[in-house]
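Trainee: Sequence:
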Amino acid sequence: PTPPEVENEEEEKEEEPPSPPQLGDLTASHVTPNSIQLDWTIPEGSFDSFTVQYEDVQGQPQVVPVDGESRTVTLPNLVPSQHYKFNLYGMWKRKHLGPVSVDAMTLLHHPLSIAAPAPPEEEEDPPWHPQLGDLTASHVTPNSIQLDWTVPEGSFDSFTVQYKDAQGQPQVIPVDGESRTVTVPNLVPSRRYKFNVYGVWGRKRLGPISTDAMGICPQCSLHCPISVPAPSPPDEPPARPQLGELTASQVTPTSVQLQWTIPMGSFDSFTVQYKDAQGQPQVVPVDGKSHTVTVP
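Going by the UniProt record's numbering, the residue at position 95 of the sequence shown is 95; the numbering climbs one at a time, nothing skipped.
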């Protein structure tokens, strides 16, 4: 028979709880309009299984089970140009551990394989690499801005556009390496954004080049109301002058040129009124002979 001392020692060893496994990094890659591949690491231990959780475009929670040996899964049936947040949980001894999370956005049109960010390399950079040129904003609307950039030397495998939305959350838009333009949708009118463009070359990310731009306010379209001082009524009122059309042009990241027509009569002066990015009302006086002004 086993001595009591040996049995007690074995019981004490069995009661010691094992160290739980650890979830590492979660990354998104191989992004297409309708799918995203997730990859993760397990730096310590092993899990019985995994679950990936996210919300679809209707806000309904989705759960994708994954076996414990896998370190990757492709999520299908996604919606193009949609932002998703993915949470990964590990199942170990009937317990959920985690999550680790990652945000990703599906492509608008064509599939694009995006390499996961490479760990920093200690070796020296190669003597030559492609160059990013200038980044400009154009075709500004209340809810979208078109970005254009140049590549004066070499070529890139792909590009990424990064900015923060109105809630301060980082957004990433992947762009294929042949493109030199992208339209950023779902912006907030009259809000200033800073856009960064990075070039992906091999396993390196070069850049960024940056530009600031502001979505125009909806009131900057045609036929905007123009505030004018009412003339004092004479004894016999003459025919009142008429305001025509108001148009916006020469849009830059920091200014918009306004032009208007006066089909009948003349005015003593004009005033342009708008609200700045902080919601404060601004007034720009213009003399009566001018029919254009640049709002800085």
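Bear in mind the hints are in silico, worked out from the structure with no lab data behind them.
Heads up, the beta-carbon is just placed ideally off N, CA and C, and yes, glycines get one too.
Hints may be right or wrong, so weigh each one.
Said to hold, decoys possible - Derived DEER-like restraints, expressed as beta-carbon distance ranges:
id	residue 1	residue 2	range
1	Glu44	Trp128	38 to 44 Å
2	Gln22	Thr74	30 to 36 Å
3	Arg203	Arg71	50 to 56 Å
4	Pro296	Glu178	35 to 41 Å
5	Glu245	Asp148	24 to 30 Å
6	Asp165	Pro296	24 to 30 Å
7	Asp165	Arg203	27 to 33 Å
8	Gln278	Asn143	18 to 24 Å
9	Arg180	Gln259	27 to 33 Å
10	Glu178	Asn143	23 to 29 Å
11	Thr181	Arg203	21 to 27 Å
Said to hold, decoys possible - Here are the computed lysine-lysine pairs in the DSS-like style, where the Cα-Cα straight-line distance is at most 30 Å:
id	residue 1	residue 2
12	Lys194	Lys164
13	Lys95	Lys194
14	Lys85	Lys95
15	Lys275	Lys85
16	Lys194	Lys204
17	Lys164	Lys204
18	Lys275	Lys289
19	Lys194	Lys85
20	Lys194	Lys93
21	Lys275	Lys164
Trainee: So, against the hints stated earlier in the document, which numbers end up violated here?
Mentor: Structure breaks hints 2, 3, 13, 15, 20.
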